[in-house]
Structure formats: structure tokens, C-alpha cells
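I would like the entire structure built from these sequences, with the hints used as guidance.
Protein chains in written order, with UniProt numbering: chain A, 1 to 283; chain B, 1 to 290.
These are computed hints drawn from the structure, not numbers from a lab.
Some hints here could point you the wrong way.
As the list claims (entries may be wrong) - Cross-link-like lysine to any residue pairs, in silico, SDA-like; alpha carbons within 25 Å at most: (1) A/LYS14 - B/ILE168; (2) A/LYS41 - B/PRO132; (3) A/LYS41 - B/ILE141; (4) B/LYS204 - B/GLN214; (5) A/LYS269 - B/PRO132.
Just so it is clear, the structure is predicted and the values come from calculations on it, not from any experiment.
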Amino acid sequence: MKLPTLREIGNEAKLLLIGIPVFIWTMIPIYHMFLFAISPKEDAFSGKLWPDHPTLHNFHIVFYQEHYFLRDFWIQFWNSTVIALAAGGLTLFIATAAAFSISRLKVPGGRWVMNLALFTYFIPAAFLAVPMYRTMGNYGLLNNHWSLILAMVTIASPYAIWVLKQASDKLPVELDEAAVMDGATTLQLFRLVYLPLMMPSLVAIGTYAVLLAWNEYLYAFLLLSKDTNITLPVALGNFLAADDSPWELLMTTGFIYALPPAAVYYAFKRYMVGGLTAGAVKS
Amino acid sequence: MAITLSGDQAIPAPPLSSRLTPAQVWGIVLLAPYLLVFLAFVVYPVCYGLWLARAPANYVALYNDPIFARAAVNTLIFLVIGINIKMLIALFLSGFFAQQRTWIKWLSVIFILPWAVPSIPTILSVRFMLNPEWGVINHLIFSFTGDDGPNWLNDPTVALTMAIGVHIWKSLPFWTLILITGRLAIPHDLFEAAEVDGASWWQKFRFITWPSMQTLYVTCTLLSMIWTLGDFNSVYLLTGGGPADLTHVLSTLGIRYLRLDQLSLAMASIVVAMPLVLPLVYFMMKRLSR
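Here it is, written out as C-alpha cells:
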């Protein structure tokens with residue numbers, strides 16, 4: 001075994017000098033949230049870095065809805081889940097169909113549609129929110145879950161189509177030609193050749209759309225307002241309405257709300273990194 | 001293979017007047033769902049919004065509203081200063097994370113957390129840390145110095161800086177990740193050759209890393225600027241636009257007008273941003289649809 005040279009030690013020290021601040025910077029808001037979640041109210045408000053009496057009681061209050069702000073917690077959790085899954089499924093369906101049509105069937109005008117979609121992708125979502133709010137009102141969908149689902153599909157599908165089109169452009173044309181020679185209809189081509197080959201990208205895009213919808217705050221807060229049909233992030237924002245908000249409960253609910261997307265992200269990281277960053281920015 | 005087949009298999013491009021092939025019919029059918037969504041939730045709202053904002057009086061009202069002027073300035077500060085700082089840090093960190101070390105690999109897994117968790121709870125967490133009476137930061141300041149800490153979010157400059165900080169915290173991992181992929185694509189023998197020639201750290205960056213990454217870097221910066229225009233959460237949930245509506249950016253200002261039932265003003269404030277947004281969008285589309 002070879003002893004490290006002075007230069008190597010110096011290098012390692014320099015890296016640590018970057019790594020430690022990066023770690024602290026990343027963890028502070030998350031640790032602070034966790035700290036509140038396990039602190040009784042007195043400890044949370046005393047500014048300690050570790051509570052004197054760590055407890056899981058806050059979780060108990062949230063799960064049993066034992067506070068005014070939390071009386072609809074489970075309904076809101078359910079709303080978030082349904083909306084995220086519906087938006088994910090619908091985006092996946094619309095985007096896969098469109099990408100297949102543009103990339104494999106070379107539908108006339110496909111390139112044009114692709115450019116329109118890309119254009120939408122670049123319009124900041126907060127700018128579209130204002131007219132979207134009014135439009136949903138005109139359609140009579142305000143306070144209906146469909147308004148949020150459709151808004152999320154609108155926002156997620158341009159990127160979804162774009163990534164899926166990039167991925168399907170890479171599949172060899174010979175596959176389609178061989179399948180057509182064997183007498184496959186277009187639908188069979190789609191179902192038996194295209195979908196299985198696109199699976200990794202489909203997982204990535206489905207995850208992307210589900211997380212986008214689960215995390216959305218602005219549209220949810222504009223489009224839904226009844227306590228029993230809002231999603232969790234809106235409920236979290238509503239905690240701020242009172243001056244003496246129970247912040248330890250707010251952080252506990254926030255922690256619970258943050259866990260599923262983090263878990264999904266890490267579970268599908270393999271697909272996410274390959275599927276999304278490749279498409280995200282091409283130089 | 002394709003060439004040998006193409007003799008009688010290839011379908012000659014039909015003149016536009018002729019009947020569509022079954023594949024093309026399916027193509028249109030499969031494209032229809034997206035087109036419907038696009039028409040109903042993009043084209044219609046945008047046209048309707050433009051129609052609402054048509055009266056010149058809106059723009060006069062906007063021009064006379066000091067909150068709008070302030071929001072425009074804040075937006076520019078957010079974009080020009082905030083995004084460039086973020087991208088420089090991302091560029092720097094991409095070099096750090098490209099190092100082959102086990103502990104750096106683990107750190108990169110943790111580093112991605114801000115991007116993986118939803119922004120609402122973490123922004124609210126920061127908001128409470130900055131609370132002048134109960135927040136952990138002022139508690140620490142008090143226990144070290146015996147003085148009361150500042151009322152962080154009550155000063156518009158500090159509050160906007162904090163909002164930019166929250167934005168950086170949230171989206172830094174994403175851009176670092178993108179720049180890492182760019183860095184890893186640089187052929188390694190270039191660096192080895194430079195090493196042999198005794199190039200300094202700066203020379204390696206200046207003559208190898210930067211030339212191969214500058215297109216990606218500029219693309220990322222522009223894209224991040226466009227998206228940051230839509231960053232509603234960082235400002236709204238941290239400062240709520242306050243104190244005294246001095247920390248609004250264009251995205252929160254539009255929603256503020258909307259909540260005050262001044263829909264045409266809300267649309268006008270967005271239309272005003274278009275001369276800034278559309279060239280950026282056009283440029284990005286040129287780049288990405290190549």
C-alpha cells in the first residue's frame with residue numbers, strides 16, 4: 001500500500017472544503033423541517049438544533065386530523081394522489097400517441113405540431129395561469145378536479161411529447177418496415193413494437209408528469225378552493241392564513257407530503273436521469 | 001437492409017390531393033388528443049387573455065402603478081443577477097461532482113434532494129427560519145452576540161435576496177446535473193495531454209472545458225431565465241410580495257391583480273413581458289429543434 005502524497009492530501013482537503021458547505025447548504029431547510037416535525041411546540045419555537053423531547057406526537061395529530069387546520073388531511077391527501085395519477089396517466093396517453101404519430105407515422109404537419117408544443121413548453125407556467133384560470137371558469141370547471149388535471153396535462157405534455165419523440169426517432173425504421181411486411185396493422189405496430197421498446201422513456205415521462213402534478217401549487221391554489229377538494233400544497237399554504245399557525249404541524253404535514261415524491265424520484269432515478277436530462281438540454 | 005427493401009415496399013409520397021393512407025389516418029387520430037388539449041387550454045386562453053388586455057387604458061394604468069415598476073425591476077434583478085450566480089455555481093459544482101470519489105457520489109445523491117422534494121414545505125421551512133422572533137437564525141444570533149437579529153423579511157432588499165436564495169437552493173441541483181453530463185462528454189485524453197504539457201487548472205478550464213461547454217452553458221442560462229420568469233413559489237411563499245408589495249416579480253404580480261379581480265391588468269402585465277420572453281423563446285426553439 002502506498003502512502004498518499006502531500007499533494008493528494010491537499011487535493012482531498014480542497015474537495016472537502018467544497019463538499020462540506022454543499023452538504024450543509026442542501027440539508028438546512030430539510031433538516032429544519034424534520035426538526036419541527038419531531039418537536040413539541042415549545043421546543044420548535046425555542047430555536048434549538050435538537051429538541052429536548054423528540055416526539056412523534058405531531059404525526060399522530062396529523063394522521064388523526066386532531067387540529068382545525070388538519071380536519072380534511074386524508075381527503076386532501078387523496079385529492080393530491082388522484083390528481084397526480086390522473087394527470088400522469090392522461091399525459092402519458094396523449095404524449096405517447098402524439099410522439100408515435102409524429103415520429104413513426106410521419107403524419108403531415110407533425111413537425112409543425114412539435115414546434116407548437118415546444119413553444120408552449122417555453123411559456124412560463126405562471127403566465128399561462130392567469131388566462132387559464134378564466135378559461136376554466138368559462139368551461140365551468142372551477143373547483144372541479146378535472147380543471148387541475150387538465151391544466152397539468154397541458155403543462156406536462158409538450159415536454160413529454162418532445163422527449164418521447166427524441167427517443168422514438170432513435171428506434172430503427174427497419175423495425176416498423178419488418179412489422180408492416182409481416183402484415184401488422186398500425187395499431188399492432190404501436191402496441192407490440194413501439195410501446196415495449198419505449199418502456200424506459202415512458203416510465204421517465206410518467207414519473208415526471210406525476211411529480212409535476214403532485215408538486216404543483218399555483219394552479220391548484222387558483223383552480224380549487226373548497227377545503228374538501230384542495231390538494232395538500234394548497235392546504236399547507238392555507239396554514240399561513242392565521243397569525244398563530246401551528247408551524248410544527250405545518251412542517252409535519254409538509255414532511256409527510258414531501259416523502260412520496262422523494263421516494264418516487266429515488267426509485268426511478270435510473271430512468272429519470274437517462275430519460276430526462278438527455279432530452280432536457282441538447283447542446 | 002432498408003435499401004434492399006425499399007424497391008417495392010417504399011410508399012411513394014402521395015400528392016396532397018390523393019387519399020390518405022391508413023397509417024396517416026391513424027397518425028391524425030393519434031395526434032388529435034394533444035391538438036384538442038392545445039386548442040382548449042393554450043390557444044383559447046391565450047387569445048381570450050390577449051382580448052382582455054386589448055384596451056390601451058390597461059397599459060396606462062400599469063405604467064402608473066408603482067408596484068408594477070418595482071416588480072419589473074425585481075424581475076430583472078432576479079434574472080440577470082440571480083440566474084447568473086446560480087449558473088456560475090452550477091458550473092463550478094459540476095466540476096466538483098465530476099470527480100471520481102465514493103463520498104462525492106454519495107454527496108451527489110443528497111445534493112439532488114432539493115430538486116426531488118416539493119418546493120412548498122421547504123420554502124415555508126426557510127420562511128420560519130427567518131422569523132425574527134421564533135426563527136432559528138435569530139435565536140443563534142442572539143445566543144452568540146446577545147443582540148436581536150434583523151427582521152429579515154421586512155427589508156425588501158434582503159427579502160428579495162432571500163427569495164433568490166430559495167430559488168437557487170431549489171434549482172441548483174438540476175442545472176448542476178445537466179452541466180455534469182456536459183462535462184463528462186468531454187474526451188478524457190484532452191485533459192491527460194494537458195496534464196503532460198503541465199497546464200494549470202485555469203488553463204485546462206479556459207482551453208478545454210469552457211470551449212466544449214459554452215454552448216450548453218448559454219442554452220442552460222437562457223432556459224433557466226425563461227423558466228424563472230414563471231417562478232411563482234419562491235417569492236409568493238417566502239415574502240408574499242411584501243413588505244408593502246415591494247418584492248413582487250412579474251409572475252406574482254399577475255396573480256396579485258387576478259386576486260384583486262383586475263383581470264385585464266393581470267393580462268396586461270404579462271403581455272408587457274412578452275417582448276422579453278418571445279425573443280428568448282424563439283432563440284431556444286431554434287436551438288432545440290435543430
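Each hint tested on the structure:
1. Pair hint A/LYS14 plus B/ILE168 holds up; C-alpha atoms about 23 Å apart against a cutoff of 25 Å.
2. The hinted pair formed by A/LYS41 and B/PRO132 meets the criterion: a straight-line CA distance of about 17 Å does not exceed 25 Å.
3. As the CA atoms of A/LYS41 and B/ILE141 are separated by approximately 21 Å, the hinted pair is consistent with the 25 Å bound.
4. Using a Cα cut-off of 25 Å, the hinted pair B/LYS204 and B/GLN214 holds, with the two alpha carbons roughly 14 Å apart.
5. This hinted pair does not check out: A/LYS269 and B/PRO132 have alpha carbons roughly 38 Å apart, beyond 25 Å.
Consistency note: the structure conflicts with earlier hint 5 alone.
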